[in-house]
Amino acid sequence: MMFRIQPAMLKIAAAAWLLGATGAMADTTLEFTQWWEPELPAGSLRAIMDDFEAANPGIKVTLVSGPYATTRDQISVGAATGTLSDVVGLDGAWVNNLNAQGALADMNPMMDASKFDKTQVADIIKVDGKAVMFPVASFVYPVFVNLDLAAQAGVTKLPSTRAEFLEAAKKMTHADKNQYGWVLPLSLQTPSGVQNDMMSWVWASGQSMMANGKPDLEGKPVVDMLTFVKSLNDAGTVSPGIATKTEQEKVEEFVNDRVGMMIDSLAHVNLIRKRNPKLNFDLIPVPVVENYTGKRGLPYASWGIGISAASKHQEEAWKLVQYLMSEKVNAKLVSLANAFPGNVNAKPDFVTSDKAFGKAFEIFKTGYLANEFTGLPVAEDLMTQFDVQAQKMLAGEQSPEQAAAAAQKGWMAKF
Amino acid sequence: MTRQKRSHHKLKRAVAPYLYLSPSLLIIGLLMLLPMVTVIAYSFQNSAVLRRDPSFAGLKHYQAIFDDPVFWASLWHTLYFTCMSVIFHMTIGMVFALMLNSDRINPTLRSVLRVLYILPWLFTAVIIAVIWRLLLEPNGVVNSMLMQIGIIGSKVEWFSSPQTALHAVTFANIWAGYPLFMVSLLAGLQGIPKDFYEAADIDGAKAYQKLIFITIPQLMPIIISISLLDFIWTMQVFPLIWITTGGGPIYSTEVLSTYTYKLAFSSYNLSQASASAVVILLISLGLTLFYIRYQKAR
Chain A
1 MMFRIQPAML
11 KIAAAAWLLG
21 ATGAMADTTL
31 EFTQWWEPEL
41 PAGSLRAIMD
51 DFEAANPGIK
61 VTLVSGPYAT
71 TRDQISVGAA
81 TGTLSDVVGL
91 DGAWVNNLNA
101 QGALADMNPM
111 MDASKFDKTQ
121 VADIIKVDGK
131 AVMFPVASFV
141 YPVFVNLDLA
151 AQAGVTKLPS
161 TRAEFLEAAK
171 KMTHADKNQY
181 GWVLPLSLQT
191 PSGVQNDMMS
201 WVWASGQSMM
211 ANGKPDLEGK
221 PVVDMLTFVK
231 SLNDAGTVSP
241 GIATKTEQEK
251 VEEFVNDRVG
261 MMIDSLAHVN
271 LIRKRNPKLN
281 FDLIPVPVVE
291 NYTGKRGLPY
301 ASWGIGISAA
311 SKHQEEAWKL
321 VQYLMSEKVN
331 AKLVSLANAF
341 PGNVNAKPDF
351 VTSDKAFGKA
361 FEIFKTGYLA
371 NEFTGLPVAE
381 DLMTQFDVQA
391 QKMLAGEQSP
401 EQAAAAAQKG
411 WMAKF
Chain B
416 MTRQKRSHHK
426 LKRAVAPYLY
436 LSPSLLIIGL
446 LMLLPMVTVI
456 AYSFQNSAVL
466 RRDPSFAGLK
476 HYQAIFDDPV
486 FWASLWHTLY
496 FTCMSVIFHM
506 TIGMVFALML
516 NSDRINPTLR
526 SVLRVLYILP
536 WLFTAVIIAV
546 IWRLLLEPNG
556 VVNSMLMQIG
566 IIGSKVEWFS
576 SPQTALHAVT
586 FANIWAGYPL
596 FMVSLLAGLQ
606 GIPKDFYEAA
616 DIDGAKAYQK
626 LIFITIPQLM
636 PIIISISLLD
646 FIWTMQVFPL
656 IWITTGGGPI
666 YSTEVLSTYT
676 YKLAFSSYNL
686 SQASASAVVI
696 LLISLGLTLF
706 YIRYQKAR
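Protein chains in written order, with our numbering: chain A, 1 to 415; chain B, 416 to 713.
Since the hints were derived computationally from the structure, they do not count as laboratory data. Hints are supplied without guarantee of correctness; some may be wrong.
Claimed, not checked - Computed cross-link-like contacts, DSSO-like style, restricted to lysine-lysine with a CA-CA straight-line distance of at most 30 Å:
1) B:K570 - A:K171
2) A:K214 - A:K157
3) B:K475 - A:K214
What the hints assert, rightly or not - Per the computed footprint, the stretches of chain B lying under chain A, defined by three or more beta-carbons under 8 Å from a beta-carbon of chain A, are:
4) 458 to 467
5) 548 to 560
6) 663 to 670
7) 676 to 687
Computed from a predicted structure; not experimentally measured. The beta carbon of each residue, even a glycine, is placed where N, CA and C say it ideally should be.
All chains, please: the whole structure from these sequences, using the hints.
Have a look at this one:
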């Protein structure tokens, strides 16, 4: 008799184990699409997810990872077809379009229901009053200065204002030696130079390219910025090849002692050190207009996070978002990414162990995150339009005022 | 019964070819016709792909791209880029093929040249773009050489200046594409009977006369076929232009492929991008029909 029962019992046990193992019994499986995993040390994001799963029994997380551009296309298609993952990694430039498609959930009710402390997050990206994205990790864009070139040029005080920057750039420029004061990448292939290397001058002085939710490119801040960039170019301080230069080439020129100053992502610090270990550089905030003493806006790009409106597991998805935004986990994640935290209380470990990052963290703490392209419709297209007008201005085809007016006209058509 | 058998056999014979063709037809349908029909459908919809319930737009998106001056500039740049590329591909290909076919060159040197001349064909578009970006950058080798021999007085921003950018990308494409002509024409040259040249020698024909009256007429079928194919392929070139200039500066190298790409992935206007893609399709289709008619006539 015992001999007969045993196989049946074994079968039942095996079936139960199989059900349990596949999560079919009670587990909720969240799908999390992002481009972060390939950019983090191998296995580190998975380890954070494992910790989350351990802290939240019954919830499993499947990571769907790919390069940035692939993820962007995947999310666009997912939003259109209603197959967007439960939790999605977001770039601020995408949220307006995704919101227009009704693809992102409003996290306001979730925050209210869970009594989420909103003061702990650095920013909440809202579109039409809906909270659609939290920046989890921010990559700020300070000015990198080649200290050896500065010393050789007799620049003893690093620039704090635009006028000082222009003077320093002039001193550092020696075109005969292929050495220039500044580098401006305005390739139309990746028009992010408009955001990082041009508009950053506006935001640094606490100014804005918008007014009442609409573009204000003909306003004084943007026209002044264009005039300033033109003066840098007219003085011959900008490394040649502006119209086709990409961000990677900008970094290469800085690494190879060919430019004295550049505005760049803090995420490139390790890359710069790896490419040229002898390079002696420092970080400073983006210089401001004369007599400005207020808080400085710090341009940034971010790894944002949001929840799909079509998700059947929004409650569980919100738990994952909360987890990633919590002080300790956020500090751990941004330490791995060499980024600044989305939780204002989190302190990444690299700021105490690394002088350059420590300096940047001070800049970060004394200023505020500023990126007005976040949440705008077709942000990349807006940058392309501005880029073309800036190129025309730098080619001498139009004045800063005309460039601003033409860009304003193009932008208004998109709003 | 016999009659039934006969008709059954007839049916089998009639169906059999289609059964043999069915795997290919299925693949062509899935991989070519379906995407093509889908893109055509998108071009008549508002908010195609981005909305689950797109409305019918009629010819609105076609009207929008035809009203856009950048589209017409792109079309002109595409024609310039394509025509110049095909003309120079053919000329350089012919010169090199004649050189490699000549008995006056040492066979060892000929083998070395054959390898050297074919090299550009082995590189992918990305590598070609990177090579030419490095060579033609303001501080690059080309400027340095031209300044040393006194052809230019100051650094030229080949890809970054609106005056030179289109010529620079066309030049890079010419460099990358001539080996196709060279190889095809070389094969054609080796197929021309020697008797023709011997007869011409007896008649006292000069070298250029042999080229004009024997070589070129004999190669004409190859020249026309390859030129048409090259025209179709070059018209659709994307990575080389995208990586070198991104369509800039100031739209000076914007071609139909980069224009369409920007509409789709920068403006997220997939309806207009589809309309633009359909225009490219129609131009390519016209050329393809011309090619097929030429092949049939032969």
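Results of checking the hints against the structure:
1. B:K570 - A:K171: holds (21 Å)
2. A:K214 - A:K157: Not OK: K214 (chain A) and K157 (chain A) at ~38 Å, beyond 30 Å, violated.
3. B:K475 - A:K214: Status holds; Cα separation ~27 Å.
4. 458 to 467: holds (count 4)
5. 548 to 560: holds (count 4)
6. 663 to 670: Since 4 is at least three, the answer is holds.
7. 676 to 687: Since 5 is at least three, the answer is holds.
Checked against the numbered hints given earlier, this structure breaks only hint 2.
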